[in-house]
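**Q** Each chain, written out:
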Amino acid sequence: MVPLQSVALLFVALGALLVVLARDVVRQALLFSLYGFALVVLFLVFQAPDVALSALVVSAVAYPIVLVGALARVAAHRKRRG
Amino acid sequence: MTNQLRLALFGVGALCVGALLVWGVLDLPAFGHYAGPYGEIIARVVEPQRHMANAVTAVVFDYRGFDTMGEELILFSAASAVALLLREIKEEDTISVVDAVRSDALNGVGVLASVTTFVLALYVVAHGFISPGGGFQGGVVLATAFLIVFLTVEYHAYERLATTRFAEPLESFGAGAYVAIGLVGLGLGFSFLENFLPLGVTGRLRSGGSAAIVNWASALAVAGAFVLIFSEYLEGNMAARYGRGRRL
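In the order they appear, the protein sequences are chains S and L. Note that the numbering used here has the first sequence beginning at 1, numbered continuously upward. Note that the numbering used here has the second sequence beginning at 83, numbered continuously upward.
Simulated from the structure, these hints should not be mistaken for lab results. Check the hints yourself; a few may be wrong.
[As the list claims (entries may be wrong)] Under 8 angstroms between C-beta atoms, here's a sample of chain S residues computed to sit facing chain L:
hint, residue
1, Ala8
2, Ala22
3, Asp24
4, Val25
5, Pro49
6, Ser54
7, Val57
8, Val58
9, Val61
10, Ile65
11, Val66
12, Gly69
13, Arg73
14, Ala76
For every residue, glycine included, the Cβ atom is placed at its ideal position computed from N, Cα and C.
Take the sequences, apply the hints, and build the full model.
**A** Pasting the structure below:
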C-alpha cells in the first residue's frame with residue numbers, strides 16, 4: 001500500500017505545481033481538472049472512498065465547468081466590446 | 083512602494099509563514115498514526131447504536147446532522163446567489179441557440195452514460211448507509227447526469243431536461259425538508275434532528291431511521307443546487323454566444 005500511496009502523493013504534488021505554473025487560465029482550468037482527478041486517486045488509495053466520490057464530481061467536473069463557463073462569458077463580453 | 087521594500091516585506095512574511103509551517107509539521111503525529119479518539123469510538127459504536135455500516139454517513143446525517151444542515155443551507159444560499167447574479171438573460175434569448183453535437187456515436191454513448199450516471203446516483207444516495215456515498219455525493223452525481231446531456235447531445239435537450247423551473251423547487255424542497263424533519267422530531271419530543279424512526283436491520287436498504295429521510299432530502303437539495311448553478315452558467319454563455327444578447 002505504501003508505494004501506491006507515495007505515487008498518489010507524488011501525482012498530487014506534481015499536479016498542484018502544474019496548476020500554479022500554468023499561465024493561460026483555460027489551460028489552468030483543465031489542469032485543475034486533472035489535479036482533481038489525482039486527488040480522487042489519492043483519497044481512494046488512502047481508503048477514503050466517501051471523500052473520493054465527492055472530489056470526483058466537484059473538483060474534476062463541477063468546478064472546472066463553472067470556471068470554463070465564466071471564462072467563456074468574459075471572452076464573449078470582450079469580443080462584443082471590441 | 084519600491085521593489086526592494088516589497089521584496090523585504092515578502093521576505094519577512096515568507097520567513098514567518100515558513101517557520102510556522104516547519105513548527106507545525108514537526109509536531110504532526112507519525113504517518114498513518116491518527117491520535118484522536120473519536121474515529122475509534124465512532125467505528126465501534128456506530129453499528130450497535132445506529133444500525134449503519136457506513137460510519138461517515140452516520141456522522142454526517144445523524145451524530146452531526148445539525149452541522150450538515152448548516153452546510154446544506156450554505157450551498158442553498160450560494161446557489162441562490164449565483165442565480166440572482168447571473169439571471170439577466172431572458173429565456174427567449176436562448177431560443178436561437180444552435181449548439182448540438184453532430185456525431186451519432188457520441189450522442190448514443192452520451193445518452194447511455196447519462197442514464198447510467200442517473201441510476202448510479204440513485205444507488206449512491208440509497209445505499210449511503212451501507213456503502214460509500216450518501217446524499218451529498220449522490221446529489222452531485224445526479225446533477226452531472228444532466229450535464230452529460232449538454233456535453234454530448236444538445237443544449238436545448240439539456241435545457242428541457244434540467245429546467246430551472248424544476249431545479250429551483252427541488253432545491254428548496256430538499257433544504258426545507260431537511261429542517262422540517264428536525265422540527266418533526268422536536269414536535270415528537272426528541273432533540274432536533276435526533277433519529278425518531280425505527281432503525282431497521284443493518285445492511286438493509288430501509289435501515290437508518292429518520293436519518294435516511296434526511297439523506298434523501300439533502301440529495302434533492304444538492305442535486306437541485308448544482309443543476310441550478312450549471313443551468314445559470316450555461317444559459318448565460320449560450321445567450322452571449324448565439325443569442326441576440328441585450329445586456330452581457
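**Q** Against the earlier hints, flag every one the structure doesn't satisfy and list their numbers going up.
**A** Checked against the structure, the hints that fail are numbers 1, 2, 3 and 4, while the rest are satisfied.
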